[in-house]
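All chains should be built: construct the whole structure from the sequences, respecting the hints.
One line per chain: the protein sequences are A and B, in this order.
According to numbering that gives the first Met the number 0, the residues represented by the first sequence are 0 to 374, in order.
According to numbering that gives the first Met the number 0, the residues represented by the second sequence are 0 to 306, in order.
Hints listed in this document are in silico derivations from the structure and should not be mistaken for laboratory results.
Nothing here was measured: the structure is a model prediction, and the numbers come from that model.
Even glycine gets a Cβ: it sits at the ideal position worked out from N, Cα and C.
Incorrect hints may appear among the rest.
One side only, chain B facing chain A, incomplete, derived with CB under 10 Å [said to hold, decoys possible]:
| no. | residue |
| --- | --- |
| 1 | I7 |
| 2 | R9 |
| 3 | S25 |
| 4 | F26 |
| 5 | T27 |
| 6 | S34 |
| 7 | G44 |
| 8 | L45 |
| 9 | V54 |
| 10 | S76 |
| 11 | A89 |
Which bits of chain A does chain B cover? Going by a derived footprint, with three or more residues having C-beta under 8 Å, they are [what the hints assert, rightly or not]:
| no. | segment |
| --- | --- |
| 12 | 139 to 147 |
| 13 | 196 to 204 |
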Amino acid sequence: MQCDVFLVGTGQTRFGELFDRSTRDVMEEAIGNAIENSGLTSLDIDMVVVANMLAEQTNNQAHLGSLASQMLPHHPPALRVEAACGSGAVALHTATALLESKRAETVLVVGVEKMTDASTEDVSTALMGAADSELDQPSGLTFPGIFGLIAQRYMHEYGLTREQLSLVSALHHRNGMRNPFAQFRIEVTPEAVSQSSPVADPLRLLDCSPISDGAAACILSTLHRSPLRLAASQIATDTLSIAQRATLTSFSASKEAMERALREAEIDRDEIKALETHDCFSIAALINLEDLGFAEPGEGIRLYEALYKGRATSLMINRSGGLKACGHPVAATGVKQLCDIGKQLISEKKQWGIAHNFGGACASCGIHLLENLDA
Amino acid sequence: MRDSSPIIHRAQKKRSDKLQSGTIVSFTMLRNPPSQFGKSPRPIGLIELEDGSNVLATLVGSNFQIGQTVRPRMRLSYVNEEKLRIYEVAYETVMPARISYPREKAFPGYILALTGPSGVGKTTVSRILAKGFGGSLTSVPIVTTRAPKSGDEGEYLHMTTKEFENMRAKGAIIAVTHIPSATEERWYGYRAADIEAIWKAGKLPVVITEMHLLQGLATHFGRRSILSFGLLPPGKSKRTMLSHLLHRLRTRGRDTEEHIKDRLKNAEADIAFFKERKDLFDHLLVNEDLEKVISTLKERVPGLSEA
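Encoded structure:
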């Protein structure tokens, strides 16, 4: 980092099927909460960065930068960032770059997605825009299908069983029960996951994150201070199509962003005690743990087995419930992850936490490392 | 927008690149594909082609396995809103993956398999066999999801699609085939337990079968366990063979005209299969003279000549 950037305020809406709320309603609520949480006033905000993927297709609304800016009395300059489900992290990275360049001193980042206005079929078609339109879409493939292929291969290479995989969603649901903002605050047993209806073999319904509405906002500043310092912000990319990759069972963009983030923060991986990772499908959570270096290849499930049995591990994983239980309003997720890591570091008095967000099948990945200066 | 003409046109220009054999890197079954592809589950694979490139494409066949060899095949993908017929390169499984043969397993016994297109006379042959050699032969029941109809003679065990899928997932059903039909979801299969029970009773299991089921049996029990006879209709060309079949299907009166259409379509593939998969057949018999077919079977099947 070129200079010290602080996370001075966070806010979010509840994630879920918010049929009575519009895109602007959820944005307004998240922004209001973040400003209130920061103790600043609206006028302290120099710029706004909006993360959103689908508003044209699901809400007939483009031009979200202006929409967000008009919610503040002084209409600060605003822009929108899109990187599919990784939009949130890429927006945070954009805000960091604006701060480091001294273009702004306090930036509001708001991630928003309002998905339930459109039919499931339309949402699923729109989400396929995150994959390769020429290589992936013509076969009829959908995102559950892409991760079905990944899961099938992973099981083949590492011998992961269906029963083991079910622990991932079960743990996320258990964590989500404690999160007042989560879409699903219900316990789901591993057996229920294994027996839910098949979606894209071997993946089943309860392996998949839901279609959600929601918004999350962060205020990052170089001028105002807080105990939470952003120690690293890194993004990396990979091919859009999984057909052009050397392997299905590891995402190179995660590895690359992680290495660079650790170098930027000048810390070791094992100092990190809190992780919010992108579990759009259960199998992704396991691959992420391995790519981020918290587990050896094929061993990601060990951490979930330990956590599910209640054994102590040095790493907290998806305490928010992850995308599975907390919900996945796609572009809001990356921003929400940073909000959650901040809360976890403060409440658990831990020093280092990491938010790992990706778009598509990790064709873009963003990693943010947060340090709690009071710990 | 997804299937506007310029997009389709550009995609078709690149289609010939995909006309290569390959191996399955991974596969999945999409239970709810996008609506233009219809309602039935859609198998999709990531395939590594011979030139080293990878493609994502529809798979044709059943019992897919990672590492299996597939061959390209042009296929109608869907008809778009402008009534354009959109074709795709799909990949068809050719050979069950070698690794899946239970080589280390002891030789379980013989299965007598009669394979042939609908109307070729498989049922007639099997009836004569059952009459003459009932003491040493037992036919293997077929489990199916299709609705019962008149003319069925206890060779089918009917069940719901859900029951069928459950049994298949548990590995109880070891060979399956999906017969495309305009009217219903039709799955057929064999249960390993039925065949093993017949062996245990000291008899020779007989299956009256078709190509996918035959491949499934060969994969599960090993090719050498199957004494495989192909039954062809008389005729030198495909056309004469098919017209023979059509005549027989109509005269036996078991099917509606719509079913006959379905069956004839499948028969075409069946006839091609004899040539493509010679390795799955020990003998090919032409059913011109029923007595000759029976006497050949008697000669070739161990235990029948002395019965």
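Here is how each hint holds up against the structure:
1. I7: This interface hint holds because 9 Å falls under the 10 Å limit.
2. R9: 8 Å, holds
3. S25: 4 Å, holds
4. F26: 6 Å, holds
5. T27: 3 Å, holds
6. S34: 6 Å, holds
7. G44: 8 Å, holds
8. L45: Given a least distance of 5 Å, the restraint on L45 of chain B holds.
9. V54: With Cβ-Cβ at 6 Å, under 10 Å, it holds.
10. S76: 8 Å, holds
11. A89: Interface hint status for A89 of chain B: holds (9 Å vs cutoff 10 Å).
12. 139 to 147: holds (count 6)
13. 196 to 204: Check passed, 7 qualifying residues.
Of the hints listed earlier, there is not a single one the structure fails to meet.
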